[in-house]
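Based on these hints, arrange chain B on the given structure of chain A.
Here the protein sequences come in this chain order: A and B. Letter by letter, the first sequence follows residues 1 to 119 of our numbering. Letter by letter, the second sequence follows residues 1 to 197 of our numbering.
Mixed in with the good hints, there may be bad ones.
Said to hold, decoys possible - The following label-pair restraints were derived from C-beta to C-beta distances:
#	chain 1	residue 1	chain 2	residue 2	range
1	A	E21	B	R106	34 to 40 Å
2	B	K105	A	A108	43 to 49 Å
3	A	S28	B	A18	16 to 22 Å
4	A	L82	B	V28	55 to 61 Å
5	A	A108	B	E113	45 to 51 Å
6	B	Q21	A	A62	22 to 28 Å
7	B	T78	A	V74	49 to 55 Å
8	A	M57	B	E113	41 to 47 Å
9	B	Y116	A	Q45	30 to 36 Å
10	B	G81	A	D14	31 to 37 Å
Rather than coming from a laboratory, the hints here were simulated on the basis of the structure. A virtual CB, placed ideally from N, CA and C, is assigned to each residue, including glycine.
The lines below spell out each chain.
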Amino acid sequence: MISKIINMAEKMQDAEDRLLESMFQSESVADNGFSDRIVRRIRRQMWVRRLALPVAMVAGAAIAVKPATQLFAVGSQIFASLGVESLLPQAAVTSQLPIMVVGGLGLAIALLTFRLFEE
Amino acid sequence: MACYRTRVISNTASHVGAADQYLVARAVSAQDTAAFGELIRRHQSQVRNFLRKLSGDASAADDLAQDCFLHAWNKLQTFTGRGSFIGWLLKVAYTTFLQSKRKSKRYAEILDEAGYAEDVQSKSYTVQSDEITDLDKFLAVLSEEERAVMVMSYACGLSHREIGAATDMPVGTVKSIIFRGKEKIRTSFDIKDHKHG
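The following block holds chain A by itself, in its conformation from the complex (with noise of 0.2 Å):
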């Protein structure tokens, strides 16, 4: 009720207000594109967002391949002249890991494709 009776006594206007809101009226800015321009500001963005983690992830994997593969070799070397059995014998691992990594590499750009296009 009260803010009624505030709302009320806002609106009452004396000539000097409807002078000056008659002057402050201005005609309506046409669209002309702006707000599609923004749209796309907006999806570009979003895509940047969605995108840069999984692709930091792609890029990095590409980066540490080689040093993850002699990382590895390394390691079962270690094992093996401490005399500790490795699960996987040394040298298939070794050889299959670039595989394996491009492999995941490959099914990881896919998936980020696959949902480009589903976008």
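For chain B alone, kept in the frame of chain A given last:
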């Protein structure tokens, strides 16, 4: 591709008659850019007019309006739905305007420290147009704060409470700013035959 386009058009068409609150809910929950696009289409004129009156420069105001809508998209989940959407949007627009002012002021200070003189319109209201209207003359005598409040009140039709929410001021302060603004206009332009509001 044709199917995708049809889907986008039908999505946009379904948003045309929807209420602002529904469109905000769609945009927040489903990241629906078409719903937000409809909101932009509805309110762009008011936001651009508000920023044009505030800055006095149409192209700068349009750039600010773009930034404002991008900020609005990123902060859309903070809209609680208590007030009107345009009130909230004008709050974002006003904040964007103040931030850009602060940035240009800081830029001018850095240039000044480096020994370069830069003509930055940090305080004064300068119309970037050949035509100077009566409204431009009115706005020129007002301070930035008074201009924002007066434009929200008389051009955008916001209530005192909505202006208070948009500018983070108590309603009493809003009323006194409007009173002061009117007083300034009255004395500057020698308007005598009206009662005080």
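Right, here's what the structure says about each hint:
A beta carbon spacing of about 36 Å between E21 (chain A) and R106 (chain B) agrees with the range 34 to 40 Å that was offered as a hint. Distance hint for K105 (chain B) and A108 (chain A): a CB-CB separation of about 47 Å, consistent with the stated range 43 to 49 Å. Checking the proposed 16 to 22 Å range against S28 (chain A) and A18 (chain B) shows it holds: the Cβ atoms sit about 20 Å from each other. About 57 Å separates the C-beta atoms of L82 (chain A) and V28 (chain B), a value consistent with the hinted range of 55 to 61 Å.
Between A108 (chain A) and E113 (chain B) the beta carbon distance is about 49 Å. The supplied range of 45 to 51 Å therefore holds. In this structure the supplied range 22 to 28 Å is violated for Q21 (chain B) paired with A62 (chain A), their Cβ-Cβ distance being about 46 Å. Under the hint 49 to 55 Å, the C-beta atoms of T78 (chain B) and V74 (chain A), about 52 Å apart, fit the expected range. Between M57 (chain A) and E113 (chain B) the C-beta distance comes to about 43 Å, which sits within the given range of 41 to 47 Å.
Between Y116 (chain B) and Q45 (chain A) the beta carbon distance is about 34 Å. The supplied range of 30 to 36 Å therefore holds. As the Cβ distance of G81 (chain B) to D14 (chain A) is approximately 33 Å, the hint placing it in 31 to 37 Å holds.
Checked against the numbered hints given earlier, this structure breaks only hint 6.
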